[in-house]
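With chain A held as given, fit chain B onto it using these hints.
There are 2 protein chains.
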Amino acid sequence: MKRRDLFKAAAAVAGTSALARPALAQSTPSITWRLASSYPKSLDTLYGACTVFSSAVSEATDGKFKIQVFAAGEIVPALQVADAVGAGTVEMGQTASYFYIGKDTAFAFGTALPWGLNSRQQSAWLYRAGGLDLLNEFYARHGLYGLPLGNTGTQMGGWFRREIRNRADLSGLKMRIGGLGGNVLQKLGVVPQQIGAGDIYPALEKGTIDAAEFVGPYDDEKLGLAKIAPYYHYPAFWEGGAELSLFISLAKWNELPSSYQSIVRTAAQATGHDMQARYDALNPQALRRVVAAGAQLKPLPLDVLKASYKISHDMYREMSEKNPSFKKIYDHQRAFQKDSQTWVAISDLNYDYLVSTAIQQKWEND
Amino acid sequence: MKRRDLFKAAAAVAGTSALARPALAQSTPSITWRLASSYPKSLDTLYGACTVFSSAVSEATDGKFKIQVFAAGEIVPALQVADAVGAGTVEMGQTASYFYIGKDTAFAFGTALPWGLNSRQQSAWLYRAGGLDLLNEFYARHGLYGLPLGNTGTQMGGWFRREIRNRADLSGLKMRIGGLGGNVLQKLGVVPQQIGAGDIYPALEKGTIDAAEFVGPYDDEKLGLAKIAPYYHYPAFWEGGAELSLFISLAKWNELPSSYQSIVRTAAQATGHDMQARYDALNPQALRRVVAAGAQLKPLPLDVLKASYKISHDMYREMSEKNPSFKKIYDHQRAFQKDSQTWVAISDLNYDYLVSTAIQQKWEND
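Protein chains in written order, with this note's numbering: chain A, 1 to 366; chain B, 1001 to 1366.
Since the hints were made in silico from the structure, they are not lab data. A virtual CB, placed ideally from N, CA and C, is assigned to each residue, including glycine. A couple of the hints might just be wrong.
[Claimed, not checked] Label-pair restraints from in silico Cβ distances: (1) B:S1027 / A:E318: 34 to 42 Å; (2) A:D314 / B:R1288: 26 to 34 Å; (3) B:A1168 / A:Q361: 20 to 28 Å; (4) B:S1030 / A:N136: 30 to 38 Å; (5) B:D1366 / A:P202: 53 to 61 Å; (6) B:A1335 / A:R317: 46 to 54 Å.
Okay, chain A solo, but in the shape it has when bound (with noise of 0.2 Å):
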């Protein structure tokens, strides 16, 4: 935890940038950041992690340390916030890691596996299990360090203009969906599709495509899919619990002195639990109103999700033997998440079904 001696190390590195340089010669410089998100302004969770975080940096710093906040496409575009993250371009992003497989399949693991860990498992694992330390060794190879900034929770899996009876149902389904959950849907027969947010709804009244998955209730109330696709199938079992990511410059991170770089780690903490909470305070009245506007709830059937199952953990070996920062990553979530899994069955799994089972059979009657 401790950061002086990183800092100490980068004030020893020769060619650290003029800009930054003022940062080291002292203790509350003044200084102004910028970070690129991979969202609009629209989605006010997403990017309002970006505003809440910028904000209590700020305030920490009565004002010294400003980081001004753009939305997606603003200074960079939504899908390559890393990069210029990575380059120096920006000093910060916020982005889902995994929107970066294409460069290297260990990016999944900042984000979210086919069916991978929940919203407190992947903070238990990235803080206190050791995953965040795997995850900053890869991103070191591109100039980045990660650190979480909030999570989505289980996503929805998606609006579909006919039900989803069974596996024989997603035969050539045209489906809005990415990343390796497309990749696994795509062995059931389903056609990937990528399409913006904002062409969803004309694809979807067209009959371009036949289905689009995008996040839950909250956003996805906002594309207003429940009349020209009112099946709502979950759960998603590609984003079981999505994680934001905060990348910043590594080489502006190892200038900044150590009371900022404190402050930047305590701020991106608590902005994640803030949109966590945001998205749980969100979500269930979203969902009360899209049910309103015609969604139909329906869960997905077990033979997609048993075979999406197997699908994703065959996936798994052959990325694992493909490439060792997969595989070594992967071996050691994979082993956090069996092990943390029995504990959830018999703790707050047990409890959770418990409560909802009282509050649909109202046992206070009884």
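Coordinates of chain B only, in the frame set by chain A:
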């Protein structure tokens, strides 16, 4: 979220103490506060949250805002922390608000109610659904400003010398359990006992008591009860997600510069996130160890769970009739819980159940 107005208001208040007045004079004054914990150092997750918090505040202020942490009994007895903070004897305390239900039953909400919110729901309710504002309106009448400081997650129901197979097995059972959980179990025939943690082992060994609840595997392991009371029942329906509280003297809080207020709020939220992560990382390993040491994992019987749910809600009705503060907060929290649980059931609960099933049934081999 802006505390500048509060700060201005505080600055205008007559009679601020001479000791704290320098805080008003400059934006980054050097001050030292004392934080009394209700927990001993041996409980390194609970007590440890205080040192994580004080380190974050110190690092963020370059050592100018020092918070000295004292374990239970060092300067304040464990169960008088809120009183000491309210009286201004110490500036801060870490405690469980439900220790103080003897003063006012509304103190229960800051920690947990039997059959109440889980960890993420408690955070969402407090931070993003208005819960914390309601609590602080109530705490202000006791001279306190409160912030959440981390959750344990769902706890274990405790250690029993004989297995509990049905409701009748609780009759006359002497059990170490306090608070509202004790009140509920009392109506099921249990004789609640107040015993310090250090006295649990000898009391169970001699048969002075028949059962004892504490926290979860990681903390419980230290008591070494697996051999003498091997039936380890779950879950603690009275602590589905127990939140710790950081209580701050309201008068001292109002005197803090806004940058320090912001640092305290952010550090408390980050610390809370860290404490849950720590429990989630440590409990799975500890569970394996206590099982290896002889613990037998047993669910609480359904008739006990159902009866306790009805008794709890009858109790809340009575408390609401007697105490308007309780009623106001209860109605708000209960509405949130019902709304939230509908969403939880199709998102995280559903996903967690599927992952547990998949791991147990080895779907990867199907």
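Hint numbers the structure violates, sorted upward? 1, 5
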